[in-house]
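The task is simple: from the sequences and hints, build the whole structure.
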Amino acid sequence: MTEARHLMLVSALVDRRLREQVAAGRRPRPEYLALEQDHGVTLLDWSDLGGSGRRRGLRASLAHTAAALRQVGGFDAVLSDGEHVGVPLALAMSLTGRRAPHVVIGHHVTTPAKRVVFRHLVRRLGARGVPRLVLHSPRQVTLAQVELGLHAARLSLLPYGIDGRFWSPRGDSEQALIVTAGREHRDFLTLARACRQLEARVLVAHGSHHSPRARRAEPDLWPRGFEVRPLDHLSLREAYGRAAVVVVPLVPTDFQAGITTLLEAMAMGKAVVVSATQGLQGTVEDQVTALTVPPGDPDALRAAIAGLLTRPRERARLGANARSAVEARFGLERYAAGLAAELQAVTRGGPLRAPTRGSAAPGLSR
16 MTEARHLMLV SALVDRRLRE QVAAGRRPRP EYLALEQDHG VTLLDWSDLG GSGRRRGLRA
76 SLAHTAAALR QVGGFDAVLS DGEHVGVPLA LAMSLTGRRA PHVVIGHHVT TPAKRVVFRH
136 LVRRLGARGV PRLVLHSPRQ VTLAQVELGL HAARLSLLPY GIDGRFWSPR GDSEQALIVT
196 AGREHRDFLT LARACRQLEA RVLVAHGSHH SPRARRAEPD LWPRGFEVRP LDHLSLREAY
256 GRAAVVVVPL VPTDFQAGIT TLLEAMAMGK AVVVSATQGL QGTVEDQVTA LTVPPGDPDA
316 LRAAIAGLLT RPRERARLGA NARSAVEARF GLERYAAGLA AELQAVTRGG PLRAPTRGSA
376 APGLSR
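Remember, our numbering sits 15 above the position in the sequence shown when you count from 1.
Everything labelled a hint here was simulated from the structure, so no lab data went into it. Nothing here was measured: the structure is a model prediction, and the numbers come from that model. Backbone N, C-alpha and C define an ideal beta-carbon position, used for all residues, glycine too. Heads up, a few of these hints could be off.
Unchecked claim - Quick list of simulated restraints, FRET-style, between CB atoms: (1) G112 to Q302: 50 to 56 Å; (2) L236 to Q52: 42 to 48 Å; (3) R180 to L236: 35 to 41 Å.
Structure representation (structure tokens):
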């Protein structure tokens, strides 16, 4: 029996430099390299698009779609790494009559523009004819059915995963340091208000290339004791290691904004305080793998951070539980294997895996 051939559209420049950095341990291994190296998936990345793809945007998405259309006939199934390429490819395949089973990783399918597009796809292709969506958030699964009209058979819940070898406990001596990272949908205004009275420095690793226009809240003037600058992967790992507390402050969202920062810190065994958004429901267990606080509440955020700064044993307990949870549910290999299984399922024409929240991490200290 011939082995199935699968293609993945990757919104990144997967060049020699990136591969060498991953191999040398200077950056985490992304899921697309795990799919290529462990599951034989062929990558179609920005290096295949000439000068059209170096950052996300309409031009890159259209170039990616055109390149994929030229190749889909040679593959048994296609995986798009986000709606920004998956939706244009689905529309293009429906208009040109080119067919290939198609899986799309859905990050935030309920923005106003995407609601319009997905409803159009449902009308054009039928509820069972749209691409199969792999979603990370239980809330997004519910909204995709209720608000977009997508059939449950076209949806799968797969927890996001990160490289737990790169992001792992380092045994560094913790300092009176609070670290936060990321940019999209962050509530740095609430963080600034919460930390004004605390006896700790705050490092904001500021930056993202995914959604530069994403909603966020920032102070007009950062308070004293805040340092705001971009960090590369090695520097961010070193900062996490020195931090007493990692904070993921978020504006209210219905998708998993902040998931990468959250899992990186958890994987490193850090005590984390995170905003309890709808999109992150089911990712952490309050008081067990992290502390959760209401979005936009500086008093609750201050109390949570202050309590952890003075309780090293509690930080250690939460951090150990967090690391165990990542190993059980949010590892890169598990995530890549889940995506590969989705490709195999659509290749066979069989059903997706039933949506599941995943098994709980064993042995958590409560």
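Which of the listed hints are not met by the structure? none
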